Amino acid sequence: MRAFDAAPEAQSELDPIAPPALARGRAIVITSGKGGVGKTTTTANVGAALAAAGKRVVLVDADVGLRNLDIVLGLESRVKYHLLDVLEEKVELDEALVRDKRSDNLMLLAAAQTREKEDVVTAAMKALIERLRERFDFVLIDCPAGIEMGFKNAVAGAGHAIIVCTPEVSAVRDADRVVGLLPSSWRPELIVNRLRPQMVRKGKMLSVEDVNAILRLPLLGVIADEPGVIVATNKGEPLALDPTSETGAAYRAIAAKLAGEEVAAPVVRVAPSNGLFGKLGALFGGRA
Amino acid sequence: MLDFFKSLFRPVPSSGETAKERLRLVLLSDHLSLAPDVIDSLKRDLLAVISRYVEIDQEHADVTFEHRDREIAMLASVPITGVRERPRPSGDLPFAEAEPPPSLDAAVVAVAERAASLEEAPPQPASEPEPALELAVTVPKPAAPPRAGANGARRRRRKKYAAQPKRAPQNPPLNGQASAQA
Amino acid sequence: MSGRRIVITSGKGGVGKTTTTANLGAALAKRGQKVVLVDTDIGLRNLDLVLGVEKRIVFDLVEVVEGRCQLRQALIRDKRLPSLSLLPAAQTRDKEAVSEAQMARVAEELATMADYVLFDCPAGIEHGFRNAVAGAREAIVVTTPEVSAIRDADRVVGKLTAAALPLRLIVNRVRPEMVKTGDMMSVEDVCEILQAELLGAVPEDEEVIDTTNRGEPIVLDENNRLAAIYDKIARRLGGEIVPFTNLSAPGLFGRLFTLWKAG
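Chains as they are written, first to last, in the working numbering: chain A, 331 to 618; chain B, 30 to 211; chain C, 85 to 347.
In case anyone wonders, no lab produced these hints; they're calculated from the structure. For clarity, every value in this text was computed on a predicted model and none was experimentally measured. One thing to keep in mind: the hints can contain errors.
[As the list claims (entries may be wrong)] Cut-off 30 Å, straight-line C-alpha distance, at most; resulting in silico cross-link-like pairs (DSSO-like, lysine-lysine):
#, chain 1, residue 1, chain 2, residue 2
1, A, K456, B, K72
2, C, K243, A, K420
3, A, K565, C, K114
4, C, K163, C, K114
5, C, K264, A, K532
6, C, K316, A, K534
Throw the hints in and build the complete structure from the sequences for me.
Okay, structure coming up:
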């Protein structure tokens with residue numbers, strides 16, 4: 331496989347120690363602390379969107395014992411070998427990588443279903459992520475809930491983090507804890523997921539500003555709650571590949587931003603009311 | 030249980046039905062990988078029965094489970110080195126066993142509609158908690174519409190063993206007797 | 085007194101374990117039961133927030149286990165329901181701070197002071213899960229009618245069954261309108277797939293988010309339909325045979341039918 335040619339500036343921002351000549355992909359861990367906020371859905375959709383945009387992407391499911399990235403992508407019947415098989419050198423990496431049904435650019439490395447998170451050796455995980463960075467433009471690591479060994483192993487080897495948070499107090503509290511546990515040199519970015527603009531307007535839900543007043547992270551994107559996500563998971567077809575889906579559009583915008591492109595429009599289109607639209611637009615447009 | 034018969038009359042199954050069917054298969058696959066010792070016994074039994082009829086190379090025999098889009102299949106790859114003039118009696122096994130394993134014939138059960146069996150089964154007293162493997166042979170019934178797991182005439186020629194490890198029966202419903210709880 | 089010790093678990097995060105623990109505990113307390121809730125999610129505690137007692141935490145589970153305080157000193161009594169108490173988790177430690185044996189001892193002691201001890205389990209099936217289960221004699225598995233949640237619940241059911249813990253299911257965040265259009269699996273589907281007995285089904289209600297923000301369990305609001313549903317679950321837990329609410333009926337309390345052979 332050809333080595334990926336990353337933009338040198340991006341590379342040095344992530345990994346100042348690596349020699350500029352060795353261009354490698356970005357390894358990003360998608361984490362949250364709180365479970366059920368949309369890490370796996372985000373990993374699958376951002377990955378699918380990046381792949382559809384022509385990037386070479388590998389998704390790594392680090393949720394050993396409770397794997398779900400495969401089923402969200404609809405690839406559960408194609409998984410033969412998993413992360414631990416590779417880490418323990420029982421199979422070659424290529425045997426374990428599952429190609430996506432829809433895109434040749436997208437590969438999945440599934441978690442082991444019948445092992446424990448404690449079985450993952452951190453050093454081996456780091457080495458694997460390094461190998462993947464040589465072959466792919468983006469290595470997205472789906473982190474399990476919590477802050478224990480599973481979290482630590484998912485973070486190991488990554489160079490960047492995306493924090494997924496819902497506008498709920500418990501999620502914000504857990505996200506805050508997680509940010510504190512990441513390497514201090516990292517600048518994690520925030521995705522606010524499952525926003526319900528109606529409820530925000532009624533004062534029954536935290537707004538994006540409320541969330542970020544506490545977390546104070548660069549905002550990567552905002553995604554509104556929609557039942558279509560449930561349908562998409564039922565079918566195993568990420569919304570990012572659905573041109574009619576607003577949520578899909580939001581994920582595509584996030585992918586574009588990650589790929590370094592300029593994004594013109596805000597990612598949440600809500601009916602203008604009480605200036606919420608304007609507020610979100612200002613929030614999003616204002617960030618680099 | 031997803032009823033594929035329904036899908037004959039509706040061109041596209043609802044996403045809920047799709048989800049249900051995908052879950053059924055993925056859980057089957059998960060359960061299989063969670064019972065390696067049971068699978069070892071299954072393999073041993075299977076090879077023992079096959080070797081009654083033909084001589085086999087046990088060392089290079091392999092039994093695997095394949096998760097396909099609509100089913101899970103057990104695939105046995107067994108090198109045959111010779112043919113026996115007459116089948117060996119079932120008591121005379123070529124491999125030394127510590128204790129006689131249950132015969133494959135006795136373990137094979139016809140697949141009933143799982144929902145029906147669930148409704149009819151009365152709650153049973155709690156027994157040992159380890160998973161028991163229930164072998165199911167999917168064979169289409171000519172008169173009835175095809176059920177989940179049996180995909181029509183194509184399957185008539187080959188028996189597919191879809192193994193479903195059964196969970197231990199649940200305890201009787203919880204009651205309010207606090208003292209009954211240890 | 086020997087109270088019942090029940091772990092509320094799920095495998096998957098975010099399906100409503102903590103909300104269920106808080107509301108079921110409150111529903112039981114409303115019926116006059118003495119209830120202690122235990123937050124076993126060390127490091128990522130949230131039961132205190134959901135109950136609105138986060139400012140009143142003095143001691144926590146880890147300090148009890150390490151002998152730095154008496155168990156009674158760590159219990160926070162709810163101001164709205166005097167028979168409801170919380171044993172909070174520690175926020176700045178990790179799950180390794182408590183062993184299964186220690187948890188079992190705490191559970192035994194709590195069972196002498198309450199009719200019900202409910203353990204709020206963290207997501208996952210690792211150390212935190214094992215700890216929460218170590219203190220329990222029964223389990224409630226919470227799931228939503230979604231593919232990943234059910235898959236994780238299945239794993240948990242397997243582990244609980246292997247530990248010989250009787251268990252029942254709560255199917256949470258059901259959207260009857262989506263079940264009707266076939267876009268969501270039904271409660272019956274979920275029970276069938278998991279081969280587990282139903283304790284209760286709770287519909288999706290956006291008010292729950294607001295109540296969590298305010299720290300007021302939704303069962304305290306008599307006008308909310310969830311109050312009645314949790315009350316039924318509490319009664320069923322106590323051994324009563326209570327018909328399941330038909331979630332898709334136009335008048336929610338209008339039509340009741342027995343969905344399952346309960347009791």
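Results of checking the hints against the structure:
{"no.": "1", "hint": "A/K456 x B/K72", "verdict": "violated, 37 Å"}
{"no.": "2", "hint": "C/K243 x A/K420", "verdict": "holds, 27 Å"}
{"no.": "3", "hint": "A/K565 x C/K114", "verdict": "violated, 42 Å"}
{"no.": "4", "hint": "C/K163 x C/K114", "verdict": "holds, 13 Å"}
{"no.": "5", "hint": "C/K264 x A/K532", "verdict": "holds, 29 Å"}
{"no.": "6", "hint": "C/K316 x A/K534", "verdict": "holds, 27 Å"}
Hint violations for this structure: numbers 1 and 3, all remaining hints satisfied.
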